[in-house]
Amino acid sequence: MRLTWRTWSSSKWPGRWPTKVYFGRWLIEGGPYVVLLDITATAWSLDRWKTELWDSCTIGVPWYDREANDAVLFGFLTAWFLGEFTAQCEEKPFIIGHFHEWLSGVGLFLCRIRKLPVATIFTTHATLLGRYLCAGSVDFYNNLQTFNVDKEAGDRQIYHRYCMERAAIHCTHVFTTVSQITAVEAEHLLKRKPDLVTPNGLNVKKFSAMHEFQNLHAQSKARIQEFVRGHFYGHLDFNLDKTLFFFIAGRYEFSNKGADIFLEALARLNYLLRVNGSESTVVAFFIMPARTNNFNVETLKGQAVRKQLWDTANAVKEKFGKKLYESLLVGNLPDMNKMLDKEDFTMMKRAIFATQRHSFPPICTHNMLDDSTDPILNTIRRIGLFNSSADRVKVIFHPEFLSSTSPLLPVDYEEFVRGCHLGVFPSYYEPWGYTPAECTVMGIPSISTNLSGFGCFMEEHIADPSAYGIYILDRRFRSLDDSCTQLTSFLYSFCQQSRRQRIIQRNRTERLSDLLDWKYLGRVCTRRAGWARVWGW
Numbered sequence: 001m002r003l004t005w006r007t008w009s010s011s012k013w014p015g016r017w018p019t020k021v022y023f024g025r026w027l028i029e030g031g032p033y034v035v036l037l038d039i040t041a042t043a044w045s046l047d048r049w050k051t052e053l054w055d056s057c058t059i060g061v062p063w064y065d066r067e068a069n070d071a072v073l074f075g076f077l078t079a080w081f082l083g084e085f086t087a088q089c090e091e092k093p094f095i096i097g098h099f100h101e102w103l104s105g106v107g108l109f110l111c112r113i114r115k116l117p118v119a120t121i122f123t124t125h126a127t128l129l130g131r132y133l134c135a136g137s138v139d140f141y142n143n144l145q146t147f148n149v150d151k152e153a154g155d156r157q158i159y160h161r162y163c164m165e166r167a168a169i170h171c172t173h174v175f176t177t178v179s180q181i182t183a184v185e186a187e188h189l190l191k192r193k194p195d196l197v198t199p200n201g202l203n204v205k206k207f208s209a210m211h212e213f214q215n216l217h218a219q220s221k222a223r224i225q226e227f228v229r230g231h232f233y234g235h236l237d238f239n240l241d242k243t244l245f246f247f248i249a250g251r252y253e254f255s256n257k258g259a260d261i262f263l264e265a266l267a268r269l270n271y272l273l274r275v276n277g278s279e280s281t282v283v284a285f286f287i288m289p290a291r292t293n294n295f296n297v298e299t300l301k302g303q304a305v306r307k308q309l310w311d312t313a314n315a316v317k318e319k320f321g322k323k324l325y326e327s328l329l330v331g332n333l334p335d336m337n338k339m340l341d342k343e344d345f346t347m348m349k350r351a352i353f354a355t356q357r358h359s360f361p362p363i364c365t366h367n368m369l370d371d372s373t374d375p376i377l378n379t380i381r382r383i384g385l386f387n388s389s390a391d392r393v394k395v396i397f398h399p400e401f402l403s404s405t406s407p408l409l410p411v412d413y414e415e416f417v418r419g420c421h422l423g424v425f426p427s428y429y430e431p432w433g434y435t436p437a438e439c440t441v442m443g444i445p446s447i448s449t450n451l452s453g454f455g456c457f458m459e460e461h462i463a464d465p466s467a468y469g470i471y472i473l474d475r476r477f478r479s480l481d482d483s484c485t486q487l488t489s490f491l492y493s494f495c496q497q498s499r500r501q502r503i504i505q506r507n508r509t510e511r512l513s514d515l516l517d518w519k520y521l522g523r524v525c526t527r528r529a530g531w532a533r534v535w536g537w
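All residue numbers for the sequence shown refer to UniProt numbering, where the first residue is 1 and numbers rise by one.
One should not assume that every hint holds.
In silico lysine-lysine, PhoX-like type, Cα no more than 20 Å apart, as pairs [what the hints assert, rightly or not]:
(1) K323 to K307
(2) K519 to K205
(3) K151 to K191
(4) K221 to K115
(5) K301 to K319
(6) K151 to K115
(7) K342 to K317
(8) K206 to K191
(9) K338 to K307
(10) K221 to K242
(11) K342 to K319
Label-pair restraints from in silico Cβ distances [as the list claims (entries may be wrong)]:
(12) K242 to N378: 48 to 54 Å
(13) F345 to F295: 43 to 49 Å
(14) N239 to R357: 17 to 23 Å
(15) D38 to K317: 22 to 28 Å
(16) Q496 to V138: 41 to 47 Å
(17) D311 to V184: 55 to 61 Å
FYI, nobody ran anything at the bench for these hints, they're computed from the structure. Quick reminder that beta carbons are idealized off the backbone N, C-alpha and C, glycines included.
Assemble the whole structure, with the sequences as input and the hints as a guide.
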């Protein structure tokens with residue numbers, strides 16, 4: 001968050017400020033006003049406020065849960081701030097408080113307990129218990145009605161968090177979720193049916209490139225190709241012009257995000273490409289942050305070798321060009337046998353020798369702290385995708401978010417997405433799914449599922465999503481193995497497309513961007529519902 005600040009003067013209410021308050025503008029389009037409340041400056045009040053929370057709501061927060069303790073601090077500060085603000089208004093204020101997720105829930109039900117004149121809206125982007133249950137490999141969606149929610153939350157030591165979330169939902173005037181599938185989940189786990197479903201939108205203008213998005217794809221793809229040249233030095237026996245870049249990105253939730261099924265499908269795709277003699281090669285990127293301690297030395301060396309080769313080629317090219325210029329200047333055709341001398345050949349042979357490598361290119365770009373227990377790396381060991389020359393599917397695990405300042409892959413996330421050919425998001429638990437939506441507005445085809453809010457939204461609003469580069473994987477009514485087979489079919493069919501077919505498909509995908517724009521998703525109805533509940537508008 002980029003902000004321009006000034007400290008809010010406390011001279012108007014001396015002695016009544018429990019924390020530091022910062023007021024400024026958010027440096028994005030429109031420059032909205034922002035108020036920040038410093039929870040660290042009021043940590044001394046934590047025990048007192050937790051006691052008050054217990055007395056008023058019988059919600060006990062353990063001392064060791066730092067995130068929940070921060071939620072208590074933020075909630076009490078939010079309620080205090082709104083109370084002070086309404087008290088200073090000379091006329092009756094019409095205030096809407098829109099609270100997101102359980103972390104803000106304490107502030108919401110404190111506003112109701114204190115009877116502040118605030119119309120409250122609570123939006124859940126995912127339920128706490130749902131995320132935990134899905135991560136535990138249960139048949140979640142077919143057993144929603146049978147879960148003992150109190151027991152399940154207690155078994156996972158999140159009962160206090162669950163109580164905060166549920167209290168906020170039952171106290172709010174208007175309860176919304178981001179997708180229909182999350183609405184069903186919330187109704188069963190949190191015991192209240194949402195009043196509205198408000199799909200997540202995007203600022204399409206930020207990503208819009210009009211007729212330039214195909215050129216941007218080519219430019220960004222060239223940046224990724226440079227990284228691949230360095231990463232696979234010594235084993236670069238595949239044609240980069242016939243190489244497709246697939247990727248999965250997001251928080252590191254191995255099964256929830258579908259990384260497990262993606263890896264299985266890649267192993268099957270590798271077999272299909274090999275037995276059918278395909279000329280296509282797939283490089284699959286996993287962009288998921290994990291615990292690391294440094295860059296992988298082999299990965300850094302690869303980029304250094306690539307740069308050294310580039311410098312050598314430029315040096316030889318410059319000498320060649322100078323001799324060619326001198327020869328043409330005097331009216332003679334150059335003697336090609338004399339254009340390069342012995343020193344030039346020695347330099348080139350040294351460069352070629354530097355590219356010799358006796359080990360496979362690394363899977364992971366960083367040194368993992370939990371290498372032996374990492375689920376992605378262990379699955380790769382099991383399925384045998386080690387980036388060998390015989391493999392038509394290569395895997396690169398980048399356990400950090402992308403940055404344009406990285407010495408390895410110096411691109412930001414948006415540029416990386418534009419340079420890829422296909423985003424793969426076979427999630428089992430995905431209340432909405434911004435990643436496939438971002439692919440869509442940038443004209444990049446993607447794979448989603450009928451268990452994600454985005455996938456369900458596209459199935460509802462588009463007759464044939466696959467014709468527009470939106471592939472919907474069935475993870476609700478098929479077994480894991482059948483879903484993996486379907487995903488493999490999607491991937492293999494995509495590999496069989498010609499370059500022209502992929503260009504046409506990207507054009508069709510980009511046309512859907514307006515469907516995901518905020519101005520078409522009717523957020524205003526949420527505010528109107530809040531006004532109607534409180535003031536009868």
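Structure-based check of all given hints:
The hinted pair formed by K323 and K307 fails the criterion: a straight-line CA distance of about 25 Å is larger than 20 Å. A C-alpha spacing of about 11 Å is found between K519 and K205, which places the hinted pair at or below 20 Å, so the restraint holds. Between K151 and K191 the alpha-carbon distance is near 15 Å, which keeps this suggested pair within the 20 Å criterion. About 56 Å separates the Cα atoms of K221 and K115, which puts this hinted pair outside 20 Å; it is violated.
Proposed proximity of K301 and K319 is contradicted: the alpha carbons are some 27 Å apart, above 20 Å. For a cut-off of 20 Å, the pair hint linking K151 to K115 is broken: about 32 Å separates their Cα positions. Our distance criterion of 20 Å between C-alpha atoms is met by K342 and K317, whose separation comes to about 15 Å. Between K206 and K191 the CA atoms are separated by roughly 38 Å; this puts the pair beyond 20 Å, and the hint is violated.
As the CA atoms of K338 and K307 are separated by approximately 27 Å, the hinted pair breaks the 20 Å bound. At most 20 Å may separate the alpha-carbon atoms for a hinted pair to count; K221 and K242 meet this at roughly 12 Å. Straight-line distance between C-alpha atoms of K342 and K319 comes to about 13 Å, which keeps the hinted pair within the 20 Å bound. In this structure, K242 and N378 break the distance hint of 48 to 54 Å, their C-beta atoms being roughly 31 Å apart.
Against the hinted window of 43 to 49 Å, the Cβ-Cβ separation of F345 and F295 comes to about 34 Å, which falls outside the hint. Remark: the range hint 17 to 23 Å for N239 to R357 is upheld by a beta-carbon distance near 19 Å. For the pair D38 and K317, the supplied restraint of 22 to 28 Å is violated, since their beta-carbon distance comes to about 58 Å. Taken as a hint, the range 41 to 47 Å is violated for the pair Q496 and V138, whose Cβ atoms sit roughly 36 Å apart.
Checked against the hint of 55 to 61 Å, the pair D311 and V184 passes, with Cβ atoms roughly 59 Å apart.
Figure legend: structure checked against the earlier numbered hints; hints not met, in rising order: 1, 4, 5, 6, 8, 9, 12, 13, 15 and 16.
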